[in-house]
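Chemist: One-letter residues, chain by chain:
There are 2 protein chains.
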Amino acid sequence: MTGPGAAGRGLEAGVRLAVDAMGGDHGPVEVVNGALSFARANLADRLILVGDEATIRALAGDLPANVSVVHASQVVAMDEHPALALREKKDASILVATDLVKRGEADAIVTAGHTGAAMAAAVLRLGRLPGVDRPALAVQMITSAGSLVLLDIGANPDSTAEHLAQYARMGAVFSERVLGVARPRVALLSIGEEKGKGEVRVQRATELLDATDLNFIGNVEGKDLTRAMADVVVCDAVLGNVVIKFFEGLSTFIFELFRTEFRTTWRGRLAYLLLRPGIGRIRQTFDYERVGGSPLLGVRGTVIITHGRAKRRMIHHAIEVGARGARAGLPDVIAAAMRAPTIRPATEVGS
Amino acid sequence: MTGPGAAGRGLEAGVRLAVDAMGGDHGPVEVVNGALSFARANLADRLILVGDEATIRALAGDLPANVSVVHASQVVAMDEHPALALREKKDASILVATDLVKRGEADAIVTAGHTGAAMAAAVLRLGRLPGVDRPALAVQMITSAGSLVLLDIGANPDSTAEHLAQYARMGAVFSERVLGVARPRVALLSIGEEKGKGEVRVQRATELLDATDLNFIGNVEGKDLTRAMADVVVCDAVLGNVVIKFFEGLSTFIFELFRTEFRTTWRGRLAYLLLRPGIGRIRQTFDYERVGGSPLLGVRGTVIITHGRAKRRMIHHAIEVGARGARAGLPDVIAAAMRAPTIRPATEVGS
Numbered sequence: 001m002t003g004p005g006a007a008g009r010g011l012e013a014g015v016r017l018a019v020d021a022m023g024g025d026h027g028p029v030e031v032v033n034g035a036l037s038f039a040r041a042n043l044a045d046r047l048i049l050v051g052d053e054a055t056i057r058a059l060a061g062d063l064p065a066n067v068s069v070v071h072a073s074q075v076v077a078m079d080e081h082p083a084l085a086l087r088e089k090k091d092a093s094i095l096v097a098t099d100l101v102k103r104g105e106a107d108a109i110v111t112a113g114h115t116g117a118a119m120a121a122a123v124l125r126l127g128r129l130p131g132v133d134r135p136a137l138a139v140q141m142i143t144s145a146g147s148l149v150l151l152d153i154g155a156n157p158d159s160t161a162e163h164l165a166q167y168a169r170m171g172a173v174f175s176e177r178v179l180g181v182a183r184p185r186v187a188l189l190s191i192g193e194e195k196g197k198g199e200v201r202v203q204r205a206t207e208l209l210d211a212t213d214l215n216f217i218g219n220v221e222g223k224d225l226t227r228a229m230a231d232v233v234v235c236d237a238v239l240g241n242v243v244i245k246f247f248e249g250l251s252t253f254i255f256e257l258f259r260t261e262f263r264t265t266w267r268g269r270l271a272y273l274l275l276r277p278g279i280g281r282i283r284q285t286f287d288y289e290r291v292g293g294s295p296l297l298g299v300r301g302t303v304i305i306t307h308g309r310a311k312r313r314m315i316h317h318a319i320e321v322g323a324r325g326a327r328a329g330l331p332d333v334i335a336a337a338m339r340a341p342t343i344r345p346a347t348e349v350g351s
Numbered sequence: 352m353t354g355p356g357a358a359g360r361g362l363e364a365g366v367r368l369a370v371d372a373m374g375g376d377h378g379p380v381e382v383v384n385g386a387l388s389f390a391r392a393n394l395a396d397r398l399i400l401v402g403d404e405a406t407i408r409a410l411a412g413d414l415p416a417n418v419s420v421v422h423a424s425q426v427v428a429m430d431e432h433p434a435l436a437l438r439e440k441k442d443a444s445i446l447v448a449t450d451l452v453k454r455g456e457a458d459a460i461v462t463a464g465h466t467g468a469a470m471a472a473a474v475l476r477l478g479r480l481p482g483v484d485r486p487a488l489a490v491q492m493i494t495s496a497g498s499l500v501l502l503d504i505g506a507n508p509d510s511t512a513e514h515l516a517q518y519a520r521m522g523a524v525f526s527e528r529v530l531g532v533a534r535p536r537v538a539l540l541s542i543g544e545e546k547g548k549g550e551v552r553v554q555r556a557t558e559l560l561d562a563t564d565l566n567f568i569g570n571v572e573g574k575d576l577t578r579a580m581a582d583v584v585v586c587d588a589v590l591g592n593v594v595i596k597f598f599e600g601l602s603t604f605i606f607e608l609f610r611t612e613f614r615t616t617w618r619g620r621l622a623y624l625l626l627r628p629g630i631g632r633i634r635q636t637f638d639y640e641r642v643g644g645s646p647l648l649g650v651r652g653t654v655i656i657t658h659g660r661a662k663r664r665m666i667h668h669a670i671e672v673g674a675r676g677a678r679a680g681l682p683d684v685i686a687a688a689m690r691a692p693t694i695r696p697a698t699e700v701g702s
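Here the protein sequences come in this chain order: A and B.
With our numbering, the residue at position 222 of the first sequence is 222, and numbering never jumps.
With our numbering, the residue at position 40 of the second sequence is 391, and numbering never jumps.
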C-alpha cells in the first residue's frame with residue numbers, strides 16, 4: 001500500500017506535519033488546541049506549529065515532546081487577495097509552513113487559512129507534479145453511505161477533458177491510498193446517466209477514462225450525490241464549488257427549520273428532549289468535522305486545507321488526513337499514477 | 352402588464368389549456384383529477400384533455416362544461432428516446448397537445464410526461480421565438496424566502512455567453528410577468544461573489560448583461576441559492592440540472608433521516624406527535640407541489656412541464672402556471688423583450 005515515497009518508512013512510522021497555526025476564522029486558539037489534541041493522541045508523529053511564536057506558546061503552555069514551533073511573523077487574512085498577499089507577506093505562516101515541506105523538513109502542510117492563498121503557496125513553492133496540468137482540491141462529501149471524494153472544488157474554472165481525466169486519476173489515488181477504498185468507483189458528474197452524456201468535455205473525458213485501468217463507471221447525476229453511487233466524483237471547479245456550497249446552504253436551511261421548531265414552542269422543546277438520541281444520530285451522519293480535511297492533489301507535497309470555520313476537533317481530524325496522506329507518500333503515488341501510459345498527456349491546455 | 356399577444360383579452364379573461372392527460376409516472380388518473388380540480392376552480396378557463404378518450408372519460412365521469420377531450424391514440428413512455436419516439440408516434444398525446452397550440456386552438460400546453468419529448472415537441476412543432484437561440488427550461492426553486500427562478504435546467508449543455516444572456520432575459524420576463532416580481536434581481540450562478548468571476552462564458556455574459564436594462568446583480572454562489580439572494584439565477588444546463596437534482600436528493604436524504612427517527616422508537620413517535628404542527632410548517636416551506644410547473648421559455652407557445660412524479664395537486668398548480676403564462680401572453684412578451692436593442696444578437700452559436 002505504501003508508495004515509492006514512503007519506501008523505508010513503515011505504515012506506523014511517524015510523519016512530520018507543518019500546521020499553519022494562524023489560519024482560520026477562529027485564529028490560533030482553535031488550531032493550536034486541535035494540533036495539541038492530535039499530538040497527544042499520535043506520539044509517533046511530530047507537529048510543527050508555524051506562526052507567531054509568542055502567541056502559540058502562550059496558548060499552548062508546555063509543549064508536548066512531539067510538538068515544536070517555527071516562527072512566522074505574518075498571516076494572510078481571510079479577505080485578502082491571495083496572490084497579492086503572498087507577494088507582500090514573505091513571512092506569512094502559510095508560506096513558512098509550505099517551505100518546510102519544500103526543504104524536506106516536514107511531510108505535510110495542514111491549514112485552516114485562506115484556501116486561495118494555501119493553493120497559491122503550494123503551486124508557487126512546491127510546484128505541480130509531472131503529468132499534472134492543474135492541481136485539484138478534493139473534498140470528502142457526506143452521503144447516506146459514508147463519504148465520497150468530490151473534485152475539483154477549487155478555483156480554476158474552464159477545465160478541459162484532459163484536466164477532468166487527471167482529476168479522476170488523482171481522486172482515485174486519494175480514495176484508495178488515503179481513505180482505503182479498494183478499487184474506488186470513479187464517475188463524472190453530469191446531466192443524464194448515460195455514459196458520456198453532457199458537455200463536450202465530459203464526452204471526451206469519458207473516452208479518455210474508458211482507456212484507463214480506473215474503475216470508471218460513467219456519469220452520475222445530482223440526485224446520485226447523496227446516495228454514494230460512486231467513490232470518486234469528478235467535475236469542473238464551478239460545478240464542484242456550487243455543489244459543495246449548496247450542500248452547506250441547503251442542509252443548514254433544513255436543519256435551521258427544525259431547530260426553530262424545536263425551540264419556539266413548548267411542544268417543540270419537549271419533542272427535542274424526546275428526540276435527542278435520534279438527533280445525535282443525525283448529527284453523526286452529518287458530522288462534516290470528521291471528514292473536513294480537503295487535500296490539494298497534484299502538487300509536490302501533501303497539502304490539506306480545512307474549513308476556515310474549523311474548530312479544534314475538525315483541526316484534529318484534518319491533521320489526521322494530513323498524516324495519512326504523508327504516510328501514504330501521496331505526492332509520490334500520484335506521480336506514479338500519472339505516469340500510467342493510458343493517461344494521455346494534455347497537449348492542448350484550454351482546448 | 353399584458354403583452355401584445357394578450358391584446359383584447361382582459362387579465363381575467365379565460366384561456367384554453369391543452370393538458371397532456373397521458374404523461375407522468377402515475378398515468379392519466381392523477382393528471383385527469385388534477386385537471387378537473389383546476390377546471391372546477393377556474394370556470395372562465397377551458398381545459399382540453401388530450402389522450403385516449405375512452406380512458407379519460409372513464410376516469411373523469413361527467414365532464415364539467417369547461418372541459419373537453421381531444422383523442423390521441425399514443426403516448427411517449429418515460430423511458431423512451433424522445434426524438435425517436437416523436438418520429439414513430441405521430442399521434443402521441445404530447446404532439447397532439449402541442450399541435451393544438453400551434454393551430455391556435457389552445458393557449459398553453461401542460462404536461463407531466465417525458466421532459467425531453469415535451470421539449471422536442473415544442474421546438475419541432477412550435478419553433479423558437481425570434482432572438483432566442485436556445486429555449487431554456489426554468490424551475491421555481493424553494494428558498495428560505497419564497498422561491499426563485501433557476502434556469503437552464505434543461506438538457507442542452509455547453510451554452511455560450513450569449514445563451515446565458517438570453518436565459519437571463521427570459522427568466523426575468525417570467526419572474527416579472529407570471530410570478531409578479533417587480534424588477535427581479537438577475538444573477539449568474541458561479542464560483543465566487545465578485546462580478547464576472549468564474550468561467551470565460553460567465554465573464555462574457557457579465558459584460559453582455561451589464562449592457563442591458565435588466566436588474567443584473569452579478570454572481571451568486573451555491574450557498575446563496577437557499578437564501579433568496581436573487582429572483583432569477585442563470586446558469587448552464589449542467590449546473591442547473593445538477594443543482595435541482597441535488598436539491599431533491601439532499602432534502603430527501605435529510606427528511607428521511609428525521610422520518611426514520613420519528614418512526615423507529617417510542618420516543619420518536621411521541622416527538623412526532625408533539626411536533627406535528629411544526630412539521631406541517633416545514634412541509635409548507637418545502638411544498639414543491641405548489642411551485643412545480645416549469646416553463647419552457649423561448650418557444651412560440653406557453654409550455655409548462657411538471658414533474659413526472661406529480662400527483663393531482665401538483666398537476667392543478669402546474670395548470671395554474673400555464674394559465675398565468677397564457678394570460679400574460681408569455682411568448683409575446685418574451686419576444687418583445689428579446690427585441691430590446693441592448694441584447695446583442697448571438698452571431699456565433701457554439702463559440
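Where hints are given, some of them may not hold.
Unchecked claim - Computed Cβ-Cβ distance ranges for the label pairs, DEER-style:
1. A:A336 to B:P481: 53 to 63 Å
2. B:V551 to A:L84: 16 to 26 Å
3. A:N156 to B:R620: 46 to 56 Å
4. A:A77 to B:E607: 47 to 57 Å
5. B:F606 to A:G180: 24 to 34 Å
6. B:F606 to A:D91: 46 to 56 Å
7. B:R534 to A:E256: 44 to 54 Å
8. A:A77 to B:D561: 21 to 31 Å
9. A:E194 to B:V551: 48 to 58 Å
10. A:R263 to B:R534: 30 to 40 Å
11. A:T252 to B:R641: 15 to 25 Å
Quick caveat, the hints were computed from the structure, so don't treat them as lab data.
Beta carbons are placed, not taken as given, at the ideal position from N, Cα and C, and that holds for glycine.
Chemist: For every hint, state whether the structure bears it out.
Modeler: How the hints compare with the structure:
At roughly 57 Å, the beta carbons of A:A336 and B:P481 sit within the given window of 53 to 63 Å. For B:V551 and A:L84, the Cβ-Cβ distance of about 23 Å falls inside the hinted range of 16 to 26 Å, so the restraint holds. Under the hint 46 to 56 Å, the C-beta atoms of A:N156 and B:R620, about 50 Å apart, fit the expected range. In this structure the supplied range 47 to 57 Å is violated for A:A77 paired with B:E607, their Cβ-Cβ distance being about 41 Å.
Taking the beta carbon of each, B:F606 and A:G180 are about 31 Å apart, inside 24 to 34 Å as hinted. Distance hint check: the CB atoms of B:F606 and A:D91 are about 50 Å apart, consistent with the given range 46 to 56 Å. The supplied range of 44 to 54 Å is broken by B:R534 and A:E256, whose beta-carbon atoms lie about 29 Å from each other. Take A:A77 and B:D561: their Cβ atoms lie about 30 Å apart, and the range 21 to 31 Å holds.
The given range of 48 to 58 Å is broken by A:E194 and B:V551, whose C-beta atoms sit roughly 27 Å from each other. Distance hint check: the CB atoms of A:R263 and B:R534 are about 36 Å apart, consistent with the given range 30 to 40 Å. Range check, A:T252 to B:R641: about 23 Å between beta-carbon atoms, so the 15 to 25 Å window is met.
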